[in-house]
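Asks: With chain A's structure known, arrange chain B on it following the hints.
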Amino acid sequence: MRDWFRKIDPTVKKESLYIATVTGILSLLLQAGFLIARHWDCTVLLGNLLGGITAAGNFFLMGMTVQKAVQKEKKPAADLMKFSQTVRLLLQLAVAVLGFALPCFNGYATILPLFFPRIAIMIRPFLDKNKQ
Amino acid sequence: MLELAIGIILGCCALGAGCAMIAGIGPGIGEGNAVAAACEAIGRQPESKGDVTSTMLMGCAVAETTGLYALVIAILLIFVAPNILVDILLKAVGK
Numbered sequence: 001m002r003d004w005f006r007k008i009d010p011t012v013k014k015e016s017l018y019i020a021t022v023t024g025i026l027s028l029l030l031q032a033g034f035l036i037a038r039h040w041d042c043t044v045l046l047g048n049l050l051g052g053i054t055a056a057g058n059f060f061l062m063g064m065t066v067q068k069a070v071q072k073e074k075k076p077a078a079d080l081m082k083f084s085q086t087v088r089l090l091l092q093l094a095v096a097v098l099g100f101a102l103p104c105f106n107g108y109a110t111i112l113p114l115f116f117p118r119i120a121i122m123i124r125p126f127l128d129k130n131k132q
Numbered sequence: 001m002l003e004l005a006i007g008i009i010l011g012c013c014a015l016g017a018g019c020a021m022i023a024g025i026g027p028g029i030g031e032g033n034a035v036a037a038a039c040e041a042i043g044r045q046p047e048s049k050g051d052v053t054s055t056m057l058m059g060c061a062v063a064e065t066t067g068l069y070a071l072v073i074a075i076l077l078i079f080v081a082p083n084i085l086v087d088i089l090l091k092a093v094g095k
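Going down the list, the protein sequences come from chains A and B.
Just so we're aligned, residue 1 is where the first sequence starts under my numbering, counting upward by one.
Just so we're aligned, residue 1 is where the second sequence starts under my numbering, counting upward by one.
Treat the hints with care, as some may be off.
Mimicking DMTMM-like on lysine to aspartate or glutamate, the simulated pairs with C-alpha atoms at most 20 Å apart in a straight line are [unchecked claim]:
1) A:Lys72 / B:Asp51
2) A:Lys13 / A:Asp3
3) A:Lys68 / A:Asp3
4) A:Lys68 / B:Glu40
5) A:Lys68 / B:Glu47
6) A:Lys74 / B:Asp51
7) A:Lys129 / B:Glu40
8) A:Lys7 / B:Glu47
9) B:Lys49 / A:Asp9
10) A:Lys13 / B:Glu47
11) A:Lys75 / B:Glu40
12) A:Lys72 / A:Asp9
13) A:Lys14 / B:Asp51
Far from chain B by the CB rule (all over 12 Å, computed), these chain A residues [to be verified]:
14) Leu29
15) Arg38
16) Leu46
17) Cys104
Don't read these hints as lab results, they were simulated from the structure.
Beta carbons: idealized from backbone N, C-alpha and C, even for Gly.
Pulled out of the complex, with its shape left as it was, chain B reads as follows:
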């Protein structure tokens, strides 16, 4: 029974990590759209290339942080949460 409970904890942590990584799709789409719009802007005003690139770089870096948050949650769910949850379970059953 205890093994089953531990298995469920590990499985749920892995499932949660997988779900968290879905957020990694968003920044890619967002950055793609931003760069496409920047291409258009530079095409219209080539002299503003430096400013557009600089602003876009910062924007892309900010957008990318969203994916990073998901990544950190996933990593914590895989490497940190199982130990803590299993410890709590073992304490609860008195082992």
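With the rest of the complex left out, here is chain A:
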């Protein structure tokens, strides 16, 4: 397990940690939003957990694929990335379907966290500017 963790590229670790942190913060905001709108119940929390873990996990898997792909030649790297993207999209589809189909998850709370990595990337330049 430790060997596997050591093999992960530091860039992938750093970026995945950033995405997971922002996803966590935005998930808290989402919970607060549901609370304020008085729509909060246990399904919102479970859906948010499912969506948030999927979003962060999807980014990490993408990072791992990129790490593997950059060690390959041009054509196999592109093929690997296409395959990985298809699998990850299907995984997200399965999660979204689960979120809407099972009564223990709130569908909207499951789907919304899938967009959190995009928001994390959008706010990245502002955070970097503040650091500088």
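Replies: Okay, now just chain B, sitting in the frame of chain A:
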């Protein structure tokens, strides 16, 4: 007649969801091209591997959102739209 109308609504929603998922092909191709170009860049300048990987990760995540939008539209068309449309139809015919 009402059953037929409901069937058409459900069929069109399923068809729309299928069409929306065509957008899922684009990000895969885009990411593939980006990674291929990154491989070339890292091959030329191995010392820039960290920067290239970091930028590419962010680029890939942004590209992937396009597929996610399509996914959400498809999910809404399958799980949310049919109920709303059937309700509207039933209200229109007075049932």
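Asks: Hint by hint, say whether it matches the structure.
Replies: Verification of the supplied hints:
Annotation: proposed proximity of A:Lys72 to B:Asp51 holds, straight-line Cα distance about 18 Å (limit 20 Å). Distance hint between A:Lys13 and A:Asp3 is fulfilled; the C-alpha atoms sit about 14 Å from each other, no more than 20 Å. Simply put, A:Lys68 and A:Asp3 have alpha-carbon atoms about 16 Å apart, close enough for the 20 Å limit, and the pair holds. As the CA atoms of A:Lys68 and B:Glu40 are separated by approximately 14 Å, the hinted pair is consistent with the 20 Å bound.
This hinted pair checks out: A:Lys68 and B:Glu47 have alpha carbons roughly 17 Å apart, not beyond 20 Å. For the hint pairing A:Lys74 with B:Asp51, the CA-to-CA distance comes to about 19 Å; that is within 20 Å, so the pair holds. A C-alpha spacing of about 30 Å is found between A:Lys129 and B:Glu40, which places the hinted pair above 20 Å, so the restraint is violated. The suggested pairing of A:Lys7 with B:Glu47 holds, with an alpha-carbon distance near 18 Å, which does not exceed 20 Å.
For the hint pairing B:Lys49 with A:Asp9, the CA-to-CA distance comes to about 10 Å; that is within 20 Å, so the pair holds. The straight-line distance between the Cα atoms of A:Lys13 and B:Glu47 is roughly 19 Å, inside the 20 Å bound, and the hint therefore holds. The suggested pairing of A:Lys75 with B:Glu40 holds, with an alpha-carbon distance near 11 Å, which does not exceed 20 Å. A threshold of 20 Å between alpha carbons decides the hint, and for A:Lys72 with A:Asp9 the separation of about 15 Å falls inside it, so the pair holds.
Between A:Lys14 and B:Asp51, the direct Cα distance comes to roughly 12 Å. Compliance with the 20 Å bound is thereby established for this hinted pair. A:Leu29, annotated as away from the interface, keeps every beta carbon of chain B farther than 12 Å; the closest lies near 19 Å. The beta carbon of A:Arg38 is kept farther than 12 Å from every beta carbon of chain B, the shortest such distance being approximately 21 Å. Distance check on A:Leu46: its Cβ is at least 17 Å (rounded) from any Cβ of chain B, clearing the 12 Å threshold; non-interface status holds.
Consistency note on A:Cys104: stated as away from chain B, and its beta-carbon is indeed over 12 Å from all of that chain's, at 15 Å minimum.
The structure is inconsistent with hint 7 alone, although it conforms to all the rest.
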